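Trainee: Sequence:
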Amino acid sequence: MERFGFVGLPNAGKSSLYNALAGGGALAAPYAFATTDPNIGVAKVPDNRLDRLAEMSASRKIVPASVEFADIGGLVEGASQGEGLGNKFLAGIREVDAIVFVLRAFRDGDVPGPSDPLEHLRVVEVELALADLDTAEKQLDKLRRAAKGDPSLGPAIAALDEAVDLLGEGVPLYRSDLSNAARAELKPFFLLTDKPVLAVVNLDEEQVVDPDEVLAPVVAELDGAEVIGMCVQLEAEAALLPEADRVEMLEGLGLGEGALPVFVRAAYHLLGLRTFFTTGEKESRAWTFRAGSSAPECAGRIH
Numbered sequence: 001m002e003r004f005g006f007v008g009l010p011n012a013g014k015s016s017l018y019n020a021l022a023g024g025g026a027l028a029a030p031y032a033f034a035t036t037d038p039n040i041g042v043a044k045v046p047d048n049r050l051d052r053l054a055e056m057s058a059s060r061k062i063v064p065a066s067v068e069f070a071d072i073g074g075l076v077e078g079a080s081q082g083e084g085l086g087n088k089f090l091a092g093i094r095e096v097d098a099i100v101f102v103l104r105a106f107r108d109g110d111v112p113g114p115s116d117p118l119e120h121l122r123v124v125e126v127e128l129a130l131a132d133l134d135t136a137e138k139q140l141d142k143l144r145r146a147a148k149g150d151p152s153l154g155p156a157i158a159a160l161d162e163a164v165d166l167l168g169e170g171v172p173l174y175r176s177d178l179s180n181a182a183r184a185e186l187k188p189f190f191l192l193t194d195k196p197v198l199a200v201v202n203l204d205e206e207q208v209v210d211p212d213e214v215l216a217p218v219v220a221e222l223d224g225a226e227v228i229g230m231c232v233q234l235e236a237e238a239a240l241l242p243e244a245d246r247v248e249m250l251e252g253l254g255l256g257e258g259a260l261p262v263f264v265r266a267a268y269h270l271l272g273l274r275t276f277f278t279t280g281e282k283e284s285r286a287w288t289f290r291a292g293s294s295a296p297e298c299a300g301r302i303h
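Numbering follows the numbering used here, with no gaps: position 96 of the sequence shown is 96.
Any given hint might turn out to be false.
As the list claims (entries may be wrong) - Taking CB as the label site, the calculated pair distances span:
(1) Gly113 with Arg3: 50 to 60 Å
(2) Asp161 with Asn48: 17 to 27 Å
(3) Gly154 with His269: 32 to 42 Å
(4) Gly272 with Lys44: 41 to 51 Å
(5) Pro296 with Ile157: 13 to 23 Å
(6) Asp223 with Lys61: 18 to 28 Å
(7) Asp141 with Lys61: 26 to 36 Å
(8) Ala299 with Val219: 15 to 25 Å
(9) Met1 with Asn48: 18 to 28 Å
These are calculated hints, taken from the structure and not from any lab test.
Here the structure is a predicted model, which means the values were calculated and not measured.
Built from N, CA and C at the ideal position, the CB exists for glycine as well.
With the hints as extra help, turn the sequences into a complete structure.
Mentor: Rendered as C-alpha cells:
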C-alpha cells in the first residue's frame, strides 16, 4: 500500500486535508503544531469498475484498493536545524512513498501565517534540501572512508557527490536532471527531495470557483509535478456527512466529485500506479501495481 506524507507550514491545512481524504479524526486548529505526532489513516479508493464487476459476479464481498495518508505536522524555517518539531518531523517523512506539499492560498485574517503558496513552497523546499544536504554529506564521508577497502562503492560515492553539489546550491533532487542510475544509487539513503512530489494548493471559497490564476504560478514553479487545488476546509466538512448529504453538498457548492477521487487520480499518475481486478462469487477485489510490472509480478501480489 502506497503511503503519502503531508508536508507544509503550520496552518496550511494538512490536518483538514487528512480529514477530507480519510474521513476525519485529525485535530485541525488555527495554531502551530496542533499535530505533533503523525496521524495515519487509510482510505478506500473509489472505483466504479470494481462495483460493476461485483454486481456482475454477485460477489459477497468487495475489497477496494487502499492508500495510506500520514499527516506529519507543521514544518517551520530552521526545521533542518532542530526548530519546531525538527528531526521528529523530518524522520516522519523519510518513511513515505511520496510527499504531498500542502500550500496555503486561502485568505483568513484569523489564521496566522502567509497566504502565498509560493512562499510556503520556498520554505518547505529549502528545509528539505538542507536536511538532505546534511544526510548526503555524512553518508559521503562514511563511504569515502569505507571505499579504501571496497572499490565497488565508487558509483554510490559519485552519486552522493553530485547530490551534495545540487543540494548545496539549493536544488531539490526532484528538480534535478540526475540520471536514473544515480537515483538508484541514492535510494538506500532515503533522501527527502528524491521522493515524488504532489502539491495541493488550499483555496478559499472564492478562489475555488476559478482556481487557475492561483494555481498557475505553482504549476510553473513545479514544472512537471502534479498540482491540484481544492478548498480543503469545505472538503473536510463534506467528508463527515452521510453519503447522500455529502454528494448534495458537493454538487451544491460546485465541488464535483470531492477530494478523494481527485487526489487518487493525481497520486496514481504521479507514481505510475495501475489497477487490475479479480472477481467471483466470493469477492471482487482491486489490486494496485506499478506501470511496467510483468504479469508474474502482478500475480505475485495475489499469491
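Trainee: Next, verify each hint and record whether it holds.
Mentor: Hint check results:
1. Gly113 with Arg3: 50 to 60 Å: Given about 27 Å between the Cβ atoms, the range is violated.
2. Asp161 with Asn48: 17 to 27 Å: 49 Å, violated
3. Gly154 with His269: 32 to 42 Å: 36 Å, holds
4. Gly272 with Lys44: 41 to 51 Å: 21 Å, violated
5. Pro296 with Ile157: 13 to 23 Å: 35 Å, violated
6. Asp223 with Lys61: 18 to 28 Å: 44 Å, violated
7. Asp141 with Lys61: 26 to 36 Å: 54 Å, violated
8. Ala299 with Val219: 15 to 25 Å: 38 Å, violated
9. Met1 with Asn48: 18 to 28 Å: 21 Å, holds
The structure fails hints 1, 2, 4, 5, 6, 7, 8 (numbered hints given earlier, in ascending order).
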